[in-house]
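Visitor: Read off the chains here:
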Amino acid sequence: AQSVSQHNHHVILSEAASLELGCNYSYGGTVNLFWYVQYPGQHLQLLLKYFSGDPLVKGIKGFEAEFIKSKFSFNLRKPSVQWSDTAEYFCAVNAIARQLTFGSGTQLTVLP
Amino acid sequence: KAGVTQTPRYLIKTRGQQVTLSCSPISGHRSVSWYQQTPGQGLQFLFEYFSETQRNKGNFPGRFSGRQFSNSRSEMNVSTLELGDSALYLCASSATGRETQYFGPGTRLLVL
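Heads up: the protein sequence lines correspond to chains A and B, in order.
Each residue of the first sequence is one higher than the last, beginning at 4 in my numbering.
Each residue of the second sequence is one higher than the last, beginning at 47 in my numbering.
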């Protein structure tokens with residue numbers, strides 16, 4: 004069975020700080036990887052995705068993620084966070100049977 | 047294109063009752079998936095429908111069921127509601143299931 008681990012449950016940063024959120028998955032085959040964001044009171048939105056090709060993918064709002072196959076990781080990064088980035092971030096894997104398996108989520112709080 | 051829509055947005059039910067939730071996918075999308083989101087368990091996959099057929103089911107009791115119509119709209123039914131069924135129920139659509147899934151705003155169900 005596929006599983007996803009997000010080790011940071013709550014991250015607090017000041018504006019302009021750099022961000023890296025960890026995501027590890029367990030599945031040995033081909034995977035599609037996603038990061039979704041849930042802003043307060045809003046629905047899940049896609050930040051970025053990796054299907055194949057360049058392991059460094061860029062998403063919306065300045066976010067990027069790097070797929071490292073040997074480490075089964077897909078970490079999310081942003082060089083300089085803003086107060087408006089305060090949200091919950093979910094890593095997800097689609098490997099088998101067309102279902103998304105989500106990590107437990109990371110609540111990011113950016114202090115102005 | 048219009049996004050995924052879900053109705054109703056909020057529901058209050060009592061234990062033992064049943065409830066039906068509705069989801070309209072993005073136009074042209076034939077795969078509809080349902081997820082349950084709770085603070086304790088996070089986002090969990092319920093089931094996925096494609097061309098009116100359930101292709102995959104998560105680890106939920108038989109009280110949770112669904113169906114899909116010929117226009118790809120989907121309904122989810124929960125019978126004999128329990129307090130633990132209180133959650134945000136999310137619907138997501140994609141073209142065939144392996145691509146990016148786009149989420150609706152969810153139906154928040156409260157069971158008293």
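To be clear, the hints were calculated from the coordinates, so they are not data collected in a lab.
A portion of the hints provided could be inaccurate.
What the hints assert, rightly or not - Lysine-lysine pairs mimicking DSS-like chemistry, simulated, CA-CA at most 30 angstroms apart:
(1) LYS52/A / LYS74/A
(2) LYS103/B / LYS72/A
(3) LYS103/B / LYS59/B
(4) LYS52/A / LYS59/B
(5) LYS74/A / LYS61/A
(6) LYS61/A / LYS72/A
Predicted, not measured: the structure shown is a model, and the values here were computed from it.
Visitor: Work down the list of hints and note, for each, if the structure agrees.
Guide: Against the structure, the hints:
1. A hinted pair counts as satisfied when its Cα atoms are at most 30 angstroms apart, and LYS52/A with LYS74/A qualifies at roughly 18 angstroms.
2. Proposed proximity of LYS103/B and LYS72/A is supported: the alpha carbons are some 28 angstroms apart, at most 30 angstroms.
3. Restraint check for LYS103/B and LYS59/B: satisfied, since their Cα atoms lie roughly 25 angstroms apart, inside the 30 angstroms limit.
4. Restraint check: the Cα-Cα separation between LYS52/A and LYS59/B comes to about 37 angstroms, which exceeds 30 angstroms; the hinted pair is violated.
5. Between LYS74/A and LYS61/A, the direct Cα distance comes to roughly 20 angstroms. Compliance with the 30 angstroms bound is thereby established for this hinted pair.
6. Taking the CA atoms of LYS61/A and LYS72/A, the gap is about 17 angstroms. The hint holds against a cut of 30 angstroms.
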